[in-house]
Amino acid sequence: MTKLTQPTFAQPLTGRAGFFGRWRTMAGIALKMMFHEKLKLAGTLFGVVFAVVLGNFQSGTFLALLGKNRMFVENAKVDIWITPPGTRQFQGGKPLTDAQLNRARATEGVAWAEPLVLQTAQVQLPNGGSEPVSVVGARAPRYVGGPWNMVRGATTDLDQPNAMFFEDAEREKMGGLNLGSLREVSGHKVQVVGFTWGLLPFAPAYAFAEQGLAREILKIPPDQHTFLMVGVSPGADAIAVRERLQQVLPDTRVMTRAEYLHEILVYIITATQIGLSFGISTFMGLLVGLITVALSMFSSVIDNMRQFGTLKAIGSTNTDLARLLLVQAVLYGLIGTLVGLGMVSGMVSGMRNPQLTPVLPIEAFGISAVVMVGVCILASVLALLRLRKLEPAMVFR
Amino acid sequence: MSTPAIELKGLTKVYGEGALALQVLKGIDLTVPQGEFMMLVGPSGSGKTTLLSILGCVLSPSGGEGRLFGQPLHGRKERDLPAMRLSYIGFIFQGHNLMPSLTAEQNVAFPLELRGYTHRAALAEARTTLDAVGLADKLGRRPEELSGGQRQRVAVARAIAGRPPLILADEPTASLDAESGAQVSSLLKKLAVERGHTVMVVTHDNRIFHLADRIVNIEDGQLKQGEAA
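Order-wise, the sequence lines are chains A and B.
First residue of the first sequence: 1, per this note's numbering; consecutive thereafter.
First residue of the second sequence: 398, per this note's numbering; consecutive thereafter.
Calculated from the structure, these hints are not laboratory results.
Please note that the accuracy of each hint is not assured.
As the list claims (entries may be wrong) - Simulated crosslink set (EDC-like; lysine to aspartate or glutamate; CA at most 20 Å straight-line):
{"hint": "1", "chain 1": "B", "residue 1": "Lys587", "chain 2": "B", "residue 2": "Asp602"}
{"hint": "2", "chain 1": "A", "residue 1": "Lys389", "chain 2": "B", "residue 2": "Asp477"}
{"hint": "3", "chain 1": "B", "residue 1": "Lys474", "chain 2": "A", "residue 2": "Glu391"}
{"hint": "4", "chain 1": "B", "residue 1": "Lys587", "chain 2": "B", "residue 2": "Glu616"}
{"hint": "5", "chain 1": "A", "residue 1": "Lys40", "chain 2": "B", "residue 2": "Glu541"}
{"hint": "6", "chain 1": "A", "residue 1": "Lys32", "chain 2": "B", "residue 2": "Glu475"}
{"hint": "7", "chain 1": "A", "residue 1": "Lys32", "chain 2": "B", "residue 2": "Asp602"}
{"hint": "8", "chain 1": "A", "residue 1": "Lys389", "chain 2": "B", "residue 2": "Asp617"}
{"hint": "9", "chain 1": "A", "residue 1": "Lys38", "chain 2": "B", "residue 2": "Glu542"}
{"hint": "10", "chain 1": "B", "residue 1": "Lys474", "chain 2": "A", "residue 2": "Asp251"}
{"hint": "11", "chain 1": "A", "residue 1": "Lys38", "chain 2": "B", "residue 2": "Glu591"}
Treat the numbers as computed from the prediction; the structure is a model and nothing was measured.
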């Protein structure tokens, strides 16, 4: 019994890992567990990648559709739009008048006001057929609302008689258009002096002409206009000018550029099924991702019950195990987002054409990461609930 | 005289309630002095595992009193138990229960990190302990790359690393062949003596009984008279 008096008996250990120490330890174990089970890792990541790809592809396509509706308002260098009453998208209605144009020009804070004409016309093709175009008539010399994204020619080329810009992506459709090609547009002979790229709204592609020519083609009298465009004086408040314009032009709808863009967005989401359709698809993608990750993490916990029991028996708390699952969930979310967005980027690059290329804005990376990490954390709750009930005594059974 | 490592008085454990209640431990009285290498033996269903679980602070007793190094086991809140385990106990499980994704070194180091060792210090202690169990050349091996005996030696290293005062071993030789079982048991005994651990081994393996300072029999939830080894 001499051992009882030995002074070298092991003594209770009083040290404890602090907050960061525990995070570090559990994160290390989480990481190693994740990458040890490669098949399970691949399965879980598949769910996240699927959700990211589907979600971003759907939202990217929605943004592309939205862009088609908003491209004119986005690109025209206009501060305030005066539109026919009830306007909710970029589409003409009851013509605006010269009197309204003059009242706008006389309003305080208005630097300039220009009319714009827009209407569909038919291009006669060499083979006898015809194709529609949306003829835009912008007034020289300012050419507000004139062509942008030009790949051939310059805006001032529209000063030439009977000159028009067409969409580069529709050259074949229009019977093989080239610079200098002659076409008949609604009975008027025009010459191609330039090309734009990607100006394909839902309506037929935009084709630009000086306003005089456009009016002849579209048979719009000189005192009638589709839209009125306003530039505010330097230092003037656009909102205040818009309010004044609305007061003097009660039979119109006056919107700032930002308001018009917002109105089109609201219209697309609320008045069409597009928003709902894409919203449901995106939600389904997220749901599939959530379920896949939840089941995968849950099955990982079930498969490794003894390991988790051992962790608990050795001294890990439920909070420690929550840390472990949280680290795994965050990593699943981040890695899956990175892989998924890489795939979407590749697909978007591969299908880049002016017809309908999904838009992948830089914000998509941040939003996807936040959403998917959130989804994965939510998915880990099921696994955590199971672990909370796990009795460490199971390791002795 | 120092505080006993284990002190149990009338300890009971009942599973279930009412008509379904099953009393597994029926008033255990036991005192284990510090430094003792004790073996607990008994047939299946005798209450060995339940007693080990209570001593391991993974199960609460239903009645009686229990103390580890003077600290009461009874009446403790569940959330306090992990801290008790970290302070007092090193575990050796029947199936080694090493984390398959961690190397031998990492398996030994991570409980130390929970005890407040820095990562570097934990790895250093893990290497020293693995050296002590003869696995200095297997630091980077994962459990799947080790033999059964080597895995159990890693488990021994994990239990003794940091020098917790009490080692609880649940059938440590059950999954090993005779030679490996003898080696692991002898190693555990040697290290326990050298490092001053109190050890309780639950076992059926009569080939290692000779290592015990004392063997305690448990049958039907009650301790029988102990015998000196």
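Worksheet item: Of the hints given before, which are not true for this structure?
Response: Those not satisfied are hints 4, 6, 7, 8, 10 and 11.
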